[in-house]
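Asks: What follows is the residue order along each chain.
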Amino acid sequence: MLQLGVAEPMRECEYSQISTRSSTPMETPYKKRTPKKRKWQAFPGRNKFYCNGRIMMARQTGVFYLTLVLILITSGLFFTFDCPFLSVQLTPAIPVIGGVLFVFVLGTLFRTSFSDPGVLPRATPDEAADLERQIDVANGSSSGYRPPPRTKEVVINGQTVKLKYCFTCKIFRPPRASHCSLCDNCVERFDHHCPWVGNCVGKRNYRFFYMFILSLSFLTIFIFAFVITHVILRSHRQGFLNTLKDTPASVLEVVVCFFSVWSIVGLSGFHTYLISSNQTTNEDIKGSWSSKRGKDNYNPYSHGNIFTNCCAALCGPLPPSLIDRRGFVQSDTPQPTPPTNGITMYGSTQSQSHMAAATPLMQSEPVILTDEASLPGRTSLGGPCSGALPLGGQPTPPTSTPNLSCDNGMLPTRNDHSEAHHHMDGVHHHFLTPEEAPSPPGMLPCGSPLGHSHTIQGFYNPASQDSLHEDSVRGLVKLSSV
Amino acid sequence: EISAPWTFHNLQELRHSASLANKVFLQRDYSDGTTCRFQTKFPSELESRIERPLFEDTVKRLNIYYAEAEKMGGQSYLEGCLACATAYLIFLCMETRYEKVLKKIGRYIQEQNEKIYAPRGLLITDPIERGMRVIEISIYEDRGSSGSCSGSSSTSGSSAR
Numbered sequence: 001m002l003q004l005g006v007a008e009p010m011r012e013c014e015y016s017q018i019s020t021r022s023s024t025p026m027e028t029p030y031k032k033r034t035p036k037k038r039k040w041q042a043f044p045g046r047n048k049f050y051c052n053g054r055i056m057m058a059r060q061t062g063v064f065y066l067t068l069v070l071i072l073i074t075s076g077l078f079f080t081f082d083c084p085f086l087s088v089q090l091t092p093a094i095p096v097i098g099g100v101l102f103v104f105v106l107g108t109l110f111r112t113s114f115s116d117p118g119v120l121p122r123a124t125p126d127e128a129a130d131l132e133r134q135i136d137v138a139n140g141s142s143s144g145y146r147p148p149p150r151t152k153e154v155v156i157n158g159q160t161v162k163l164k165y166c167f168t169c170k171i172f173r174p175p176r177a178s179h180c181s182l183c184d185n186c187v188e189r190f191d192h193h194c195p196w197v198g199n200c201v202g203k204r205n206y207r208f209f210y211m212f213i214l215s216l217s218f219l220t221i222f223i224f225a226f227v228i229t230h231v232i233l234r235s236h237r238q239g240f241l242n243t244l245k246d247t248p249a250s251v252l253e254v255v256v257c258f259f260s261v262w263s264i265v266g267l268s269g270f271h272t273y274l275i276s277s278n279q280t281t282n283e284d285i286k287g288s289w290s291s292k293r294g295k296d297n298y299n300p301y302s303h304g305n306i307f308t309n310c311c312a313a314l315c316g317p318l319p320p321s322l323i324d325r326r327g328f329v330q331s332d333t334p335q336p337t338p339p340t341n342g343i344t345m346y347g348s349t350q351s352q353s354h355m356a357a358a359t360p361l362m363q364s365e366p367v368i369l370t371d372e373a374s375l376p377g378r379t380s381l382g383g384p385c386s387g388a389l390p391l392g393g394q395p396t397p398p399t400s401t402p403n404l405s406c407d408n409g410m411l412p413t414r415n416d417h418s419e420a421h422h423h424m425d426g427v428h429h430h431f432l433t434p435e436e437a438p439s440p441p442g443m444l445p446c447g448s449p450l451g452h453s454h455t456i457q458g459f460y461n462p463a464s465q466d467s468l469h470e471d472s473v474r475g476l477v478k479l480s481s482v
Numbered sequence: 001e002i003s004a005p006w007t008f009h010n011l012q013e014l015r016h017s018a019s020l021a022n023k024v025f026l027q028r029d030y031s032d033g034t035t036c037r038f039q040t041k042f043p044s045e046l047e048s049r050i051e052r053p054l055f056e057d058t059v060k061r062l063n064i065y066y067a068e069a070e071k072m073g074g075q076s077y078l079e080g081c082l083a084c085a086t087a088y089l090i091f092l093c094m095e096t097r098y099e100k101v102l103k104k105i106g107r108y109i110q111e112q113n114e115k116i117y118a119p120r121g122l123l124i125t126d127p128i129e130r131g132m133r134v135i136e137i138s139i140y141e142d143r144g145s146s147g148s149c150s151g152s153s154s155t156s157g158s159s160a161r
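Here the protein sequences come in this chain order: A and B. For the record, in the first sequence the residue sitting at position 440 is 440 according to full-length UniProt numbering, with numbers rising by one throughout. For the record, in the second sequence the residue sitting at position 38 is 38 according to full-length UniProt numbering, with numbers rising by one throughout.
Note that these hints are calculated values from the structure, not bench results. Here the structure is a predicted model, which is why all the values come from computation and not from measurement. Cβ coordinates follow ideal geometry from the N, Cα and C atoms, glycine included. Among the hints, erroneous ones may be present.
[As the list claims (entries may be wrong)] Cut-off 30 Å, straight-line C-alpha distance, at most; resulting in silico cross-link-like pairs (DSSO-like, lysine-lysine):
hint	chain 1	residue 1	chain 2	residue 2
1	A	Lys39	B	Lys104
2	B	Lys104	A	Lys37
3	B	Lys71	A	Lys162
4	B	Lys60	A	Lys164
5	B	Lys71	A	Lys152
6	A	Lys152	B	Lys60
7	B	Lys100	A	Lys39
8	B	Lys103	A	Lys39
[As the list claims (entries may be wrong)] Selected chain A positions facing chain B (Cβ under 7 Å, derived; list incomplete):
hint	residue
9	Pro175
10	Pro319
11	Pro320
[Claimed, not checked] Where chain A lies over chain B, by a calculated footprint (3+ residues, C-beta under 8 Å):
hint	segment
12	76 to 85
13	95 to 104
Next up, chain A with everything else stripped away, as it sits in the complex:
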């Protein structure tokens, strides 16, 4: 009966709470009245969930539907118009192989788009407070107006790697992790955010992404080759113009495939290189491990030989999702004592900076009340809160130039903006023009910037403005953790 001692003042609140509510009989006062919420409903990132949390995608999914439509229409036309002729004239293996490739492409596309890329859940308030304390201890008193940026150095296989502190997620990012500004999540082994698949590409779905582009390359080349064969064979009999009249769809297929082949095959080649050297797109763009940075600069994550790197990336163990989307939100966190020695005990109410003012009041109330009040608050404030912090703290260059964003759907994350820009231009220059052609005119250049317009933060911001943003955000963070 030790509980009574501390709980008595709280008990009164609970009883009065029950009496003012509806008259439905309760089994115990501690059961939640509303149906239990699943964790995906309270997810702080900017993601969309479907099928009760089973499917997870980025917020902007328009381009994904475009990808899907392109693949379906081109393949559909191929199976309807070209395959009957080819299976009779050449071999029925053609539609069979085509069918297998098609199914594989769709399967890997869905797997890439719908799965969790490796999102790191945000720090609990206790963790965040503990880290803050450690950082303050390490920094001592802040010298001057601007405290130094929060980084930790770690030596991995002989290379010094800097771990950065993420202001949104309140964690030190593991090596190779990066914060995606579009999804507002830290993603492990972040490769890039791909609008074409409508999701980030990270540790958990990189192999699916690679399989997707590889199989799509094969499918595109396959369709291209056999449609040309079809047209040629028919032209021998009927003449070219008659052929075009009979199978007008073939022209469309050839055009789509011709322009897709360059970009998709090129992308597959690029990712094959990345896999064999165990780098992410992010690292390659930033030149993190290039020898240009220094003689002793090498990739500490590489296993040494191409074969092992490939096996590790494609056949290695698949880590499970860390965010447990379909789990239920728990409200059984033990009631903490009032804070001593600066220990924060605000439970889930501290997750949003807007809640900071309310927390002293909530502290004395029973656990259930705080959680119930905080949960709806969290979801409603999730938008503006998560929108506000990263915009300030992580100015992102999702590219203000449409070409870059269309370009293989890659979006460099923050840091070294100008370097990324130049590198991208140099490497992917030959993809620019063909890339814009396959889509309906005007749609591609319009679609991408629209999708990213809300996070365009000045691609060419000088470094000083970045740190100013960081400081203002840090100020907010400090206030909220008081």
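Following the hints, put chain B in place on chain A, whose structure we already have.
Replies: The following block gives chain B in isolation, referenced to the frame of chain A:
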């Protein structure tokens, strides 16, 4: 009547009759790359609560389990290739090796909590619930004790008795 701070017999008793005093976080050790390892540094807050070898043994064992989960060897390659060949549909009926090891880790932590940590007023939270970032160790104080508890809880606790 006031018993020693750590005479809880099981986890339930711990949760109901103790109050959370502090939490210690063991961070990840990235010196070996991105593989999952936790720092084995013994936190100062636990010095009075648990013997160092016991604690280190727990953390080392957890590190071994995580290394086993992420090990890239014949079995994991086979699993990967088989999964790819079946268009990853096989995961609908079979759980991955990683998941199996995680379950083993969950059981191990539960067992450690019951046998070693709860009797000492400590509780280990499975790292998977913290995004594999930290091993969270909660330190509990007996509500009735006049130890390092905050003033209000100890006075109201004693008044209840």
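Asks: Which of the numbered hints above does this structure break?
Replies: none
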